[in-house]
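S.K.: Residue numbers (numbering that gives the first Met the number 0), protein chains in the order written: chain C, 0 to 533; chain Y, 0 to 533.
These are computed hints drawn from the structure, not numbers from a lab. Beta carbons: idealized from backbone N, C-alpha and C, even for Gly. Any given hint might turn out to be false.
Every beta carbon over 10 angstroms from chain Y, so not counted as near; a handful from chain C, in silico [said to hold, decoys possible]:
hint, residue
1, 135
2, 143
3, 177
4, 346
5, 409
6, 418
Residues of chain C placed beyond 10 angstroms of chain Y at every Cβ, according to the derived structure [to be verified]:
hint, residue
7, 416
8, 429
9, 518
Distance windows between CB atoms, simulated [stated by the list, open to error]:
hint, chain 1, residue 1, chain 2, residue 2, range
10, Y, 517, C, 329, 23 to 33 angstroms
11, Y, 58, C, 307, 52 to 62 angstroms
12, Y, 278, C, 271, 51 to 61 angstroms
13, Y, 150, C, 397, 30 to 40 angstroms
14, C, 329, Y, 500, 51 to 61 angstroms
15, C, 386, Y, 38, 30 to 40 angstroms
16, C, 434, Y, 140, 48 to 58 angstroms
17, Y, 396, C, 304, 50 to 60 angstroms
18, Y, 503, C, 408, 54 to 64 angstroms
Number of protein chains: 2
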Amino acid sequence: MLEGLMQDDHPLTLQHALWRMRHMNAAQEVVTLTEDGYERATYGEIAERVDRLCAALKELGVQPGDRVATFAWNTQRHLELYLAVPCMGAVLHTLNIRLFPEQLTYIVNHAEDKLLFVDESLVDALAPLEETFETVERRIVLGDEYEELLAAQEPRFDYPELDERSAAGLCYTSGTTGNPKGVMYSHRSNILHSLACSLPDAAAISRTDNILPVVPMFHANAWGYPYAAALLGAKLTMPSRFITAERLTKAFADEKVTITCGVPTVWLDVLHYLDEHEEADVSSLRMAMCGGAAVPASLIQAFEERHDVPVIQGWGMTETNPVASVSRPPEELESEERWTARARQGRLQPLLEARLISEDGEVVAWDGESTGELEVRGPWVARAYYEDPEGADKFHDGWLRTGDIASLDDEGSIRVSDRAKDVIKSGGEWISSVDLENAIMAHPAVREAAVIGMPHERWTERPLACVVVGEGKEVTPDELREHLTPLVAKWWLPDEVAFVDEIPKTSVGKFDKKALRARLADGELDRHAVGAEA
Amino acid sequence: MLEGLMQDDHPLTLQHALWRMRHMNAAQEVVTLTEDGYERATYGEIAERVDRLCAALKELGVQPGDRVATFAWNTQRHLELYLAVPCMGAVLHTLNIRLFPEQLTYIVNHAEDKLLFVDESLVDALAPLEETFETVERRIVLGDEYEELLAAQEPRFDYPELDERSAAGLCYTSGTTGNPKGVMYSHRSNILHSLACSLPDAAAISRTDNILPVVPMFHANAWGYPYAAALLGAKLTMPSRFITAERLTKAFADEKVTITCGVPTVWLDVLHYLDEHEEADVSSLRMAMCGGAAVPASLIQAFEERHDVPVIQGWGMTETNPVASVSRPPEELESEERWTARARQGRLQPLLEARLISEDGEVVAWDGESTGELEVRGPWVARAYYEDPEGADKFHDGWLRTGDIASLDDEGSIRVSDRAKDVIKSGGEWISSVDLENAIMAHPAVREAAVIGMPHERWTERPLACVVVGEGKEVTPDELREHLTPLVAKWWLPDEVAFVDEIPKTSVGKFDKKALRARLADGELDRHAVGAEA
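Looking at chain C on its own, in the form it has when it is part of the complex (with noise of 0.2 angstroms):
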């Protein structure tokens, strides 16, 4: 091979967004939210900040590729962990403080984290599993505790050098099978992560702006944002725990937020609040990323014409760093086109490939209808599980299986339909269950719904749908196959429907159809057969 001559072992590491916070952007203000205001301290402050915890905790005996762990919001600390741990060789692993206890034993121990950094204010919720943790040496405060321990230290480090694919971070994904499974990043991964995400096509993030992540640093990174924002030199405004729509609406008017991200529900709540104060100002905001499930084309809508503040859709998996895609179609299309376009899962980002395999192992062609199951592969998708060879067959042939089901256009632009293991099959057709579960909760009777496939002998499976009505509400089987006739293909109406009190939810939240097909198989789901022809 005839090598080039550029300084191509210079490596891509966070070591270079602390230079640039310390040299570049030292002005530059991270705010963080508390009780009854904001504390401040600029980039440079928390650079020499960074300088004394690495001090310590290489003191606390830290070596390189150690896994030092954190339990905690979105504040200034809890950046300072994400860039001297990293930095000092050593892996920053963040807890999921919403993994149930069990689980967060089993990472912790999985992990052998050697520190554990909490914040005050869930001292106590994580006290209880501290007898579980096996390898956690020390637990730190990051309180009083903490800044003793910044205090005993020079404001100077000497920083290792690093190899640009040595880890830097872990985050451990749980599915509703198995342990969870740790992804393990590379400082290669987060400074390519972090520039594509910066990108005019994708959050556009300059050194003007402010960014303000709801989405929590425990998990997948905060979506990258506070890397990248370290890198460009971004100003950022960080929640806590103060994440009430109230407390967000007024930390964007209070520190002109231009640009922030969270959940679908984060934005719900916000605009259902925005909705009854008019005197709320989000007129700074120029996106609102939105990810982690599909996003209502109604709430997009919405926000963008009562509001004037853009939702932006991005897709990924706590596998892929994590952003994958962001839906940003051109500004030009007219209002039925543009919310169809926007409400897709969006646009690979530079750098990264898909593709579509059926379920007989085809590659599925991109014509924005064949649906497939997605695979990515680039330079910020994870290549393995950390210490879990039972995870290998989510790894194929180089690819990351994402376990959505997809299409993709003439545009690379992704569709996700469902998740591969929720999807209903048919007949040797695919029925999606969260098209059909978003058709059943337009109904208005109906608060949630969960669609799973019941076994049939001649078609394999069938949709049953789990329905949760509304307070004070009343819908019959019927009257739901009434309302679903118009809006979906015949075939997929639900032959069964079982009302309950609620459906089962995961630690993240999401809907728990593991659970749900226990029941039934357990045969303790009411259901109810559906019309005549069912």
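Using the hints, position chain Y against chain C.
M.R.: Chain Y only, in chain C's frame:
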């Protein structure tokens, strides 16, 4: 080392840009100016032509690592070569058509070019040199001959797996001393450079943009715009050899160009044209990138105030792929501050680092005033010249010596004050020849001025101003002194003035101060002492 578990082996190569052209931006257009109009092709069509071209190159015996030269303007066919040659594993060597003949002979033979593609319009210019080329097996004219090569192949090619560090392109840079030196770009450097140049704080390139690169593709990758456009799906408008202000402004309007780039003289011509042609419509332009030489604040201000086009200055070298910094200060600066800030060379791109080194090898502070030689490093900075051990003194401990004397402020914004070899060392201090030239050229009777150091027993050197007086105008040495007195420090005032008919230029159009110094040493300059105190 604990490795990350992302796809860190997934290479960053230009094959991905081709992949996106084919799969995600097939409908996007490339438009090329012709004698009397435009030629058009889509990215999808170009991707197929690239497949054919790769097959043709292979049939012509091009092996991985072989050098394939071009002698061509900015056209669709040149873009096809930009993609095909590196994507099939060979190295694209872009010949600067403006080099002196002996330099062209030197670089073709030094690079051992195997094939040479030449524009029809340049066949005659190249002809006298061809017999001096020792390794070129075939010269292919970018007209019918090229089309026949493509037509003979199928539109498919089995692309090799490439290492991201493999060579992709070769461009020689001609200093004023010694032979031209070859900079060998890697796939990785081109991809990372494309991403960084497309960020909002740089050129902010989106798929909705239309880029017209006036800067030639034989000049440091046309500043990286063709690759960035291909990667991000922007439209390209290629001017070919039709680069008069009239044709360029017409193309801006006809094709609704949003981004253009070129050296200051191009924009001076266009400014002049726009001032005289009120009907010209440049309203689609949101940015005219300018670099290659210091951009006068007056040009930036005139363009923006009179024609609402932001002229954005960038800085870089062939050795930096080439864009290393971009000057986009915050919009809200007040006018005076704004033009001064915009006339700086701008802030370092993400992933690049800089330092200033004094004459005695000390690191100089970033205080906005202290100057030193600018050194840069990062993933798109050269680490060596191609087969040229004599060039090793340009590299210093992992850093590239840029040869520019500069200051840096506390935001990492560069202000280049002079070339290191041109700075005048007087009494232990430095006088910027560039600043002095600009002050002299502000005199209405002066058309051009170059300042060089004259050896001086007491002060080491003192400035000599070589001045070209405008047609029909007159100025005396003492009038120049009077003009300069309020503009520069007293000890900067030139001791002598030499009136010359023209300033000698290098092959790339820069002042050839080495030639002036030779004329000074040979006693060929007609020098006049200035004032009594000199």
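S.K.: A separate judgement is required for each hint: does it hold in the structure or not?
M.R.: We went through each hint and held it up to the structure:
1. Every beta carbon of chain Y lies more than 10 angstroms from that of residue 135 of chain C, the smallest distance being close to 18 angstroms; the non-interface claim holds.
2. Every CB of chain Y lies more than 10 angstroms from the CB of residue 143 of chain C, the least distance being 32 angstroms, so the non-interface label holds.
3. With 10 angstroms as the threshold on Cβ separation, the claim that residue 177 of chain C sits away from chain Y holds: the shortest Cβ distance comes to roughly 18 angstroms.
4. Distance to chain Y contradicts residue 346 of chain C as a non-interface residue, since its nearest Cβ pair spans about 7 angstroms, not more than 10 angstroms.
5. Not every beta carbon of chain Y lies more than 10 angstroms from that of residue 409 of chain C, the smallest distance being close to 7 angstroms; the non-interface claim is violated.
6. Every Cβ of chain Y is farther than 10 angstroms from the Cβ of residue 418 of chain C; the closest lies at roughly 23 angstroms, confirming the non-interface assignment.
7. The beta carbon of residue 416 of chain C is kept farther than 10 angstroms from every beta carbon of chain Y, the shortest such distance being approximately 20 angstroms.
8. Non-interface call for residue 429 of chain C relative to chain Y: holds, since the shortest CB-CB distance, roughly 24 angstroms, exceeds 10 angstroms.
9. Against the 10 angstroms criterion, residue 518 of chain C stays outside the reach of chain Y, whose nearest CB is about 36 angstroms from its own CB.
10. Between residue 517 of chain Y and residue 329 of chain C the CB atoms are about 58 angstroms apart, so this pair departs from the stated range of 23 to 33 angstroms.
11. A hinted range of 52 to 62 angstroms for the beta carbons of residue 58 of chain Y and residue 307 of chain C is consistent with their spacing of about 58 angstroms.
12. Distance hint check: the CB atoms of residue 278 of chain Y and residue 271 of chain C are about 53 angstroms apart, consistent with the given range 51 to 61 angstroms.
13. As the Cβ distance of residue 150 of chain Y to residue 397 of chain C is approximately 35 angstroms, the hint placing it in 30 to 40 angstroms holds.
14. Taking the beta carbon of each, residue 329 of chain C and residue 500 of chain Y are about 55 angstroms apart, inside 51 to 61 angstroms as hinted.
15. Between residue 386 of chain C and residue 38 of chain Y, the C-beta spacing of about 57 angstroms breaks the proposed range 30 to 40 angstroms.
16. Evaluation of the 48 to 58 angstroms hint for residue 434 of chain C and residue 140 of chain Y yields a pass: the beta carbon distance comes to about 57 angstroms.
17. A beta carbon spacing of about 58 angstroms between residue 396 of chain Y and residue 304 of chain C agrees with the range 50 to 60 angstroms that was offered as a hint.
18. The supplied range of 54 to 64 angstroms is met by residue 503 of chain Y and residue 408 of chain C, whose beta-carbon atoms lie about 58 angstroms from each other.
Taken one by one, the earlier hints fail for this structure at numbers 4, 5, 10 and 15, listed in ascending order.
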